[in-house]
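Chains as they are written, first to last, in the working numbering: chain A, 1 to 256; chain B, 1001 to 1111.
Take the hints with a grain of salt, since some may be wrong.
With a straight-line cut-off of 30 Å between C-alpha atoms, the simulated DSS-like cross-links for lysine-lysine are [what the hints assert, rightly or not]:
1. Lys113/A to Lys1031/B
2. Lys121/A to Lys1031/B
3. Lys16/A to Lys1031/B
4. Lys115/A to Lys1031/B
5. Lys1088/B to Lys26/A
6. Lys1031/B to Lys119/A
FYI, nobody ran anything at the bench for these hints, they're computed from the structure. All of these numbers come straight from a predicted model, not from anything done at the bench.
One-letter residues, chain by chain:
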Amino acid sequence: MPFIEEIKAILLLVHKDVMNLKEKIKALKAAFPHTIPVLTGFTFLGIAFGILMNSKGYGPGWAFLFSLMTFAGSAQYLGITFLTSVFNPIYAFLMTLMINARHIFYGISMLDKYKDTGKFKPYLIFGLCDETFSIVCSVEPPEGVDRNWFFFFITLLDHSYWVLGSTLGALLGSLISFSVEGLDFVLTALFIVIFLEQWKAQKNHKPAIIGVVASVLCLLIFGQNNFIIPAMILILILLTVTRRVNVEELAEEAIK
Amino acid sequence: MTLTAMETFIIICLATIATMITRFLPFILLKNPKSSDSYISYLGRVLPYSTIGLLVVYCLKDVNFRIPSYGLPEIIAILSIALLHYWKENTLLSIGAGTAIYMLLVQLVFV
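Between the sequences and the hints, there should be enough to build the whole structure, so can you do that?
If you want it as structure tokens, here you go:
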């Protein structure tokens, strides 16, 4: 029976493929529940974005392309203003850089967690928007679920919701008019719950308090349009100063 | 469309590049965070907590406490989320109920 070995090899390959697929489905199943609030928020905000694009004469193709490539809610809403005024690419570039500066903090926070993600890394970093960051920074995959695929699916699902939502909005245009006022609060609620979860998990509340106090302070001083970068600088300063204190505390404890 | 197709495409590309700079920069600049560089690893440990705080404030930045409704829908919704979350510890329930309460408040109560 000369073919036995080959059949065995083929069966083994098929078995491996099925196992791989099972692993992926398992990761997808584990990832999905974490993205439900984002599904709600992005469907709504995406549709609203699409409708707005459409009302300015930019159809579903443009909404699709913009959401697929940039994948950044607030920057894209701002982007509509660049698309509806005089062509000024440098201004558009700098303003987007400013409004998204907070993403730099997401990267620093995820350096360690995304360290060994291999081929997934470029996409995981590409998709690190507010909502994806808030999920991936606070969850770990359950036992037996592949880490890389888990984080990949969270990012991919969020990305898909956003792209589909905005395309749908541009397609439907102004056809839809149901009362969804306040639905965008779902993303605020998501961040608040993550804040509470983190608060519970951490004994040291200093970083969380610094984040809120520094941001509120800068909001009051610099106003709602210009406070993010000052707030980031103040947060860095306060974290650096309190670290010195922590190091001293540690040293004192070590002596005791 | 105010801009030509080419101009629109250029704006979208630049918005993408600017966004990607902010997302990739830390990973490129701090490519090999050795354990010796404890300041960066310290920031990596504490920044997630500060950043979510910043994000919450960022979401609420347009709330005006001086004009009606004086930020009451936001305050009530946030308190409900906090209470519900400490009681039931169910993430989706807290988010869903909090959002529903907020929608009811802005659509029916504080119109």
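ask   = Quick check: which numbered hints come out false for this structure?
value = Number 3 - this is the single hint that the structure violates.
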